[in-house]
Amino acid sequence: MLKVIDVDFISDHTLELTFNDGYQGHADLSVYFKKLPFSEIKDFKRFSLTSDGALNWSGNELSAATLRDITQGSYKPTELSFDVQEMETVIKQASWESMMEGRPDILQAAIRAYVEQFGHGQVIAKAGIKSRTSAYRSLKPETTPNFGTLVQLGHAVIELAKDRTAANKKSNI
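Residue numbers for the sequence shown follow my numbering, so the first one is 880 and each next one is one higher.
For the record, the hints were derived by calculation from the structure and aren't laboratory data. Hints should not be assumed to be uniformly reliable.
As the list claims (entries may be wrong) - With beta-carbon atoms standing in for the labels, derived distance ranges:
{"id": "1", "residue 1": "Asp-1042", "residue 2": "Glu-940", "range": "34 to 40 Å"}
{"id": "2", "residue 1": "Ser-890", "residue 2": "Pro-916", "range": "18 to 24 Å"}
{"id": "3", "residue 1": "Ala-1046", "residue 2": "Thr-893", "range": "34 to 40 Å"}
What the hints assert, rightly or not - Under the rule of at most 30 Å between Cα atoms (straight-line distance), these lysine-lysine pairs were calculated in the DSS-like manner:
{"id": "4", "residue 1": "Lys-882", "residue 2": "Lys-924"}
{"id": "5", "residue 1": "Lys-955", "residue 2": "Lys-924"}
{"id": "6", "residue 1": "Lys-971", "residue 2": "Lys-1049"}
{"id": "7", "residue 1": "Lys-955", "residue 2": "Lys-971"}
{"id": "8", "residue 1": "Lys-1005", "residue 2": "Lys-955"}
{"id": "9", "residue 1": "Lys-1048", "residue 2": "Lys-955"}
Source: prediction; values computed, not measured. In this text, a Cβ means the ideal position worked out from N, Cα and C, and glycines have one as well.
Starting from the given sequences, assemble the full structure and let the hints guide the process.
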C-alpha cells in the first residue's frame, strides 16, 4: 500500500514528500487549495499524516495515490543501513517543531515513520513496552500520544539503527 512517510513544508502550497517505496519529490497543492473544501483551510501548514499515509487538513484528506500523481521527483535508492545521526537530527527537529507549534503529532509522525521502517513488533520489543496496544495508540495519528511511550519508541528506533549499522560494518569486514 502506497503511503507518504515524510513531509516537509517548502513554501505556499508546496510540500516535499517521501513515499514508502522510495519516491521523493515536490508536490504543488495549490490547485486543490483554490477549490472547496480545501479553500476554506486557513493554515496550510496545519496538517497531519494519517496512519494510511494520506495528508489531512481538519478532516479534508488527500490520499497518497493522489499526492503521488502530482509529485514531481524521482526514486531514491533505499539504503539498508541507517544514518543514526540523521535520525537523531530528524527526531530532534520534530521535537522542537512539536513544542513550538504545540502539536505532538509532528513528533509522532517522525517516530512513526522510523517505526514503520523497522517494523512495529521489533521496535516495541526493543523499547520493552509491555502493552502493544499502548504503543500502537501512541503512533496513531488521530490520538494524542503518550509522551513517555513516544520517547521509548524513539529511543528504540535509534538503538535499532545503531545495531543495524554495527552489523553492516561487521559483515563488510
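We went through each hint and held it up to the structure:
At about 36 Å, the CB distance of Asp-1042 to Glu-940 agrees with the hint of 34 to 40 Å. Taken as a hint, the range 18 to 24 Å holds for the pair Ser-890 and Pro-916, whose Cβ atoms sit roughly 22 Å apart. For the pair Ala-1046 and Thr-893, the beta carbons lie near 38 Å from each other, so the given range of 34 to 40 Å is met. With a C-alpha separation of about 19 Å, the suggested pair Lys-882 and Lys-924 falls inside the 30 Å cut-off, and the hint holds.
Restraint check for Lys-955 and Lys-924: satisfied, since their Cα atoms lie roughly 25 Å apart, inside the 30 Å limit. Distance restraint check for Lys-971 and Lys-1049: the Cα-Cα separation of roughly 28 Å lies within the 30 Å cut-off, and the hinted pair is therefore satisfied. A hinted pair counts as satisfied when its Cα atoms are at most 30 Å apart, and Lys-955 with Lys-971 qualifies at roughly 24 Å. Of the supplied pair hints, the one linking Lys-1005 and Lys-955 holds, its CA atoms being roughly 28 Å apart against a limit of 30 Å.
This hinted pair checks out: Lys-1048 and Lys-955 have alpha carbons roughly 22 Å apart, not beyond 30 Å.
When the structure is compared with the earlier hints, no violation turns up for any of them.
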